[in-house]
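Visitor: All chains should be built: construct the whole structure from the sequences, respecting the hints.
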Amino acid sequence: PEETFTLSRGGCAMLKSDGFSVRFDSVSGDSRCPVNVQCMWAGRVDAIFTLMKDGEQKTVTLSAGDLGQGGNAVVRFRGERVHLDAVEPMTEEGKKIAQKDYRATVSVKK
1 PEETFTLSRG GCAMLKSDGF SVRFDSVSGD SRCPVNVQCM WAGRVDAIFT LMKDGEQKTV
61 TLSAGDLGQG GNAVVRFRGE RVHLDAVEPM TEEGKKIAQK DYRATVSVKK
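With my numbering applied, the sequence shown covers 1 to 110.
Don't read these hints as lab results, they were simulated from the structure. One or more hints might be untrue.
What the hints assert, rightly or not - Using 20 angstroms as the maximum straight-line C-alpha spacing, the simulated PhoX-like pairs for lysine-lysine come out as follows:
{"hint": "1", "residue 1": "Lys53", "residue 2": "Lys110"}
{"hint": "2", "residue 1": "Lys58", "residue 2": "Lys96"}
{"hint": "3", "residue 1": "Lys16", "residue 2": "Lys53"}
{"hint": "4", "residue 1": "Lys100", "residue 2": "Lys53"}
{"hint": "5", "residue 1": "Lys58", "residue 2": "Lys95"}
{"hint": "6", "residue 1": "Lys16", "residue 2": "Lys100"}
{"hint": "7", "residue 1": "Lys16", "residue 2": "Lys109"}
Claimed, not checked - Per label pair, the in silico range of CB-to-CB distance:
{"hint": "8", "residue 1": "Met90", "residue 2": "Gly19", "range": "19 to 25 angstroms"}
{"hint": "9", "residue 1": "Trp41", "residue 2": "Glu3", "range": "28 to 34 angstroms"}
{"hint": "10", "residue 1": "Lys110", "residue 2": "Gly70", "range": "26 to 32 angstroms"}
{"hint": "11", "residue 1": "Gly70", "residue 2": "Asp18", "range": "18 to 24 angstroms"}
{"hint": "12", "residue 1": "Lys96", "residue 2": "Ala42", "range": "26 to 32 angstroms"}
{"hint": "13", "residue 1": "Asp101", "residue 2": "Gln38", "range": "41 to 47 angstroms"}
{"hint": "14", "residue 1": "Ala42", "residue 2": "Asp101", "range": "42 to 48 angstroms"}
Predicted, not measured: the structure shown is a model, and the values here were computed from it. Ideal Cβ placement from N, Cα and C applies to all residues, glycine included.
Guide: Next up, the structure:
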């Protein structure tokens, strides 16, 4: 079964079934087109996560948005598949989003 979590920066979620956990560390890049602005490219957001299971951990970067210029929305680790579904809030013209305000939604399944 797939489980979905929405995490604030520094937030961690654990699968009860096997002790796998995912922590949202930060957003490393956000080039998404601002809301109500017409852009040639939709842009992309890159988020850093730490995955942990059975005493092993791995830091990964997952991306959401237009992945045509690179980035990966999915990673596999220790039998789990982690997918970055969304990062909020969306960008707005002239406003910088503070790291503490980002929320990432991820789906995890075997």
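Visitor: Determine for every hint whether it applies to the structure shown.
Guide: Here is what the structure says about each hint:
1. Under the criterion of a C-alpha separation no larger than 20 angstroms, the hint pairing Lys53 with Lys110 is consistent with the structure, at around 13 angstroms.
2. With a C-alpha separation of about 29 angstroms, the suggested pairing of Lys58 with Lys96 is violated against the 20 angstroms cut-off.
3. With a CA separation close to 12 angstroms, the supplied pair Lys16 and Lys53 stays within the 20 angstroms bound.
4. Annotation: proposed proximity of Lys100 to Lys53 is violated, straight-line Cα distance about 26 angstroms (limit 20 angstroms).
5. Pair hint Lys58 plus Lys95 does not hold up; C-alpha atoms about 32 angstroms apart against a cutoff of 20 angstroms.
6. Between Lys16 and Lys100, the direct Cα distance comes to roughly 27 angstroms. Violation of the 20 angstroms bound is thereby established for this hinted pair.
7. As the CA atoms of Lys16 and Lys109 are separated by approximately 12 angstroms, the hinted pair is consistent with the 20 angstroms bound.
8. Met90 and Gly19 have their C-beta atoms about 33 angstroms apart, which leaves the hinted 19 to 25 angstroms range violated.
9. Restraint check, Trp41 to Glu3: a C-beta distance of roughly 32 angstroms satisfies the suggested window 28 to 34 angstroms.
10. A beta carbon spacing of about 27 angstroms between Lys110 and Gly70 agrees with the range 26 to 32 angstroms that was offered as a hint.
11. Taken as a hint, the range 18 to 24 angstroms is violated for the pair Gly70 and Asp18, whose Cβ atoms sit roughly 31 angstroms apart.
12. Between Lys96 and Ala42 the beta carbon distance is about 19 angstroms. The supplied range of 26 to 32 angstroms is therefore violated.
13. About 25 angstroms separates the C-beta atoms of Asp101 and Gln38, a value inconsistent with the hinted range of 41 to 47 angstroms.
14. Distance hint for Ala42 and Asp101: a CB-CB separation of about 21 angstroms, inconsistent with the stated range 42 to 48 angstroms.
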